[in-house]
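Q: Sequence:
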Amino acid sequence: MASRPFEDQRTTVYKVDPQHPESETLPTLRTEELLLNMGPQHPSTHGVLKVILELEGERIVKSIPVMGYLHRGVEKLAEEGTYHQFIPHTDRLDYVCAMYNNYAYCRAVEKLVNITVPERAEYLRTIVAEVQRIIGHLFWLGTQALDIGAMTVFFYTFRDREILLDWFDELCGARLTTSWYRIGGVERDFTPALFEKIRKFLDYFPPKIEEYVVFLEKNRIWLARTKGVAVISAEDAVNFGLSGPTLRGSGVDYDLRKYESYGAYPRCEFSVPVGKNGDTYDRYWIRVLEMHESVKIIRQCLEQIPAEGPVMADVPSVTLPPKERVFTNLESMIQQFKLFSQGFNAPPGEIYCGTEAHKGELGFYIVSTGGGKPYRLKIRSPSFIHMGAFDFMAKGYMIADAVTIFGTYDIVMGECDR
71 MASRPFEDQR TTVYKVDPQH PESETLPTLR TEELLLNMGP QHPSTHGVLK VILELEGERI
131 VKSIPVMGYL HRGVEKLAEE GTYHQFIPHT DRLDYVCAMY NNYAYCRAVE KLVNITVPER
191 AEYLRTIVAE VQRIIGHLFW LGTQALDIGA MTVFFYTFRD REILLDWFDE LCGARLTTSW
251 YRIGGVERDF TPALFEKIRK FLDYFPPKIE EYVVFLEKNR IWLARTKGVA VISAEDAVNF
311 GLSGPTLRGS GVDYDLRKYE SYGAYPRCEF SVPVGKNGDT YDRYWIRVLE MHESVKIIRQ
371 CLEQIPAEGP VMADVPSVTL PPKERVFTNL ESMIQQFKLF SQGFNAPPGE IYCGTEAHKG
431 ELGFYIVSTG GGKPYRLKIR SPSFIHMGAF DFMAKGYMIA DAVTIFGTYD IVMGECDR
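Under my numbering, the first residue of the sequence shown is numbered 71, with each subsequent residue one higher.
Bear in mind the hints are in silico, worked out from the structure with no lab data behind them. Take the hints with a grain of salt, since some may be wrong.
[Unchecked claim] Straight-line Cα separation of at most 25 Å, SDA-like style, residue types lysine to any residue; simulated pairs: (1) Lys-278 - Phe-265; (2) Lys-267 - Ile-233; (3) Lys-278 - Ser-341; (4) Lys-288 - Lys-346; (5) Lys-267 - Pro-188; (6) Lys-443 - Gln-412; (7) Lys-443 - Asp-384; (8) Lys-346 - Glu-305; (9) Lys-465 - Leu-216; (10) Lys-448 - Leu-140; (11) Lys-297 - Val-131; (12) Lys-448 - Gly-138; (13) Lys-120 - Val-301; (14) Lys-297 - Phe-224; (15) Lys-443 - Gly-151; (16) Lys-408 - Glu-149; (17) Lys-297 - Asp-323; (18) Lys-465 - Gly-219; (19) Lys-267 - Asp-230; (20) Lys-181 - Ala-383; (21) Lys-132 - Gly-311; (22) Lys-443 - Glu-401; (23) Lys-448 - Tyr-329; (24) Lys-408 - Ile-375; (25) Lys-366 - Asp-239; (26) Lys-267 - Phe-224; (27) Lys-132 - Val-308; (28) Lys-132 - Leu-105; (29) Lys-267 - Lys-288; (30) Lys-465 - Val-301; (31) Lys-288 - Met-468; (32) Lys-408 - Asn-184; (33) Lys-448 - Arg-162; (34) Lys-267 - Ser-249; (35) Lys-181 - Val-144; (36) Lys-278 - Pro-343; (37) Lys-443 - Asn-184; (38) Lys-448 - Tyr-139; (39) Lys-132 - Leu-104.
Assemble the whole structure, with the sequences as input and the hints as a guide.
A: Now the structure itself:
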């Protein structure tokens, strides 16, 4: 905690009231703005983040986010490994929804090398992407409520999130930093047991969403801390480059799944929830509605998915062979070894591919000069972009509201410090 330099301090003089000249001149009251360091160890900053708050009393005058404490250098690591080797690094960006990062990266590479993913794999990818969206929104809702003071919701959302994490464990052998998407398809098909478990969850889950809402819809603390807080207009949201629920909460109907469609989304009917007031409450409500829409999308994918078919594109020069062949066939083992160690020969060029993750638009920009490694890779992470609007959205609110504003973005610092 520190104060501004003396020359920046302001003085206010209370003069004699002309209607009461007999009163004496009040003493000079000298006030100064206070600088408060929030973080980088504050539990509500959702990671290693510091924000320098300039305060008048408890009201925020200016806020300066200070990032870079993680020193990750993920974008630079991409230049040192092959395209296949970089997939596990993307898990560590937004570790709450690791597989969505895999999906966004694989789509970008597929666009670069012009690979068409098999139909069954597209359905499987879309199902997993929407399960990840539900996991992300459950994590957000529980921690946002906990930050604001509604503790019970946290236990309920994490109870249901555990079911899906166990499902992921069965799918790919991991619960947090999962890796199952591959360039050209997916690592393995669903088992019949996985299909059955996800169908049961779809029947179980919608009433649970209503439970969360019951806890919050008449909670005076929740309503006071979210309604009318961190308001941003549609025009300002677009100008700051916001995306996802943060953008749609301001009334902007924009969702890449709908308007730059990919995967199995073109074959699914779903709505894009849009807010009206651009406040924290609208952004909360949009996420609640999106969980309902994700259930609808997954149901449609389960109904439409082809009964059989490959789950990996058949392009031996680029795509990995099935694991069972690697263990039994020498040529397949050599193919996998060469693709991981040397990479494939990507065509020269530049591409950008955006994917609608649960936080917003997650994009990968790849510059290729040929060969097995990208010359340059840039990640457009929604967490980093949204922090750019923090000062604008926090100005005039109280210190306690800063916690709410961190949460309304659903930031993860692994995405910010790339």
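Q: Now tell me if each hint is right for this structure.
A: Evaluation of the provided hints:
1. Lys-278 - Phe-265: With a Cα-Cα distance of about 21 Å, the restraint between Lys-278 and Phe-265 holds, given a limit of 25 Å.
2. Lys-267 - Ile-233: This hinted pair holds, its Cα atoms lying about 9 Å apart.
3. Lys-278 - Ser-341: holds, 20 Å
4. Lys-288 - Lys-346: Holds - the C-alpha atoms of Lys-346 and Lys-288 are around 20 Å apart, at most 25 Å.
5. Lys-267 - Pro-188: holds, 24 Å
6. Lys-443 - Gln-412: holds, 9 Å
7. Lys-443 - Asp-384: holds, 21 Å
8. Lys-346 - Glu-305: Roughly 13 Å separates the two Cα atoms, so the pair holds.
9. Lys-465 - Leu-216: holds, 23 Å
10. Lys-448 - Leu-140: holds, 17 Å
11. Lys-297 - Val-131: holds, 21 Å
12. Lys-448 - Gly-138: It holds: about 16 Å lies between the C-alpha atoms, which stays within 25 Å.
13. Lys-120 - Val-301: holds, 22 Å
14. Lys-297 - Phe-224: holds, 20 Å
15. Lys-443 - Gly-151: With a Cα-Cα distance of about 6 Å, the restraint between Lys-443 and Gly-151 holds, given a limit of 25 Å.
16. Lys-408 - Glu-149: OK: Lys-408 and Glu-149 at ~18 Å, within 25 Å.
17. Lys-297 - Asp-323: holds, 21 Å
18. Lys-465 - Gly-219: The hint holds at about 22 Å.
19. Lys-267 - Asp-230: Measuring from Cα to Cα gives roughly 13 Å; hence the hint holds.
20. Lys-181 - Ala-383: Since the Cα atoms of Lys-181 and Ala-383 sit roughly 13 Å apart, the hinted pair holds (cutoff 25 Å).
21. Lys-132 - Gly-311: holds, 20 Å
22. Lys-443 - Glu-401: Status holds; Cα separation ~23 Å.
23. Lys-448 - Tyr-329: holds, 23 Å
24. Lys-408 - Ile-375: violated, 33 Å
25. Lys-366 - Asp-239: holds, 23 Å
26. Lys-267 - Phe-224: holds, 23 Å
27. Lys-132 - Val-308: Since the Cα atoms of Lys-132 and Val-308 sit roughly 21 Å apart, the hinted pair holds (cutoff 25 Å).
28. Lys-132 - Leu-105: Holds: Lys-132 and Leu-105 sit about 9 Å apart, inside 25 Å.
29. Lys-267 - Lys-288: Judged against 25 Å, a Cα distance of about 33 Å means the pair is violated.
30. Lys-465 - Val-301: Given that 25 Å is the threshold and the Cα spacing comes to 10 Å, the pair holds.
31. Lys-288 - Met-468: Distance of about 23 Å is within 25 Å: holds.
32. Lys-408 - Asn-184: Holds: Lys-408 and Asn-184 sit about 20 Å apart, inside 25 Å.
33. Lys-448 - Arg-162: holds, 15 Å
34. Lys-267 - Ser-249: holds, 20 Å
35. Lys-181 - Val-144: holds, 21 Å
36. Lys-278 - Pro-343: holds, 19 Å
37. Lys-443 - Asn-184: holds, 16 Å
38. Lys-448 - Tyr-139: holds, 19 Å
39. Lys-132 - Leu-104: holds, 10 Å
Taken one by one, the earlier hints fail for this structure at numbers 24, 29, listed in ascending order.
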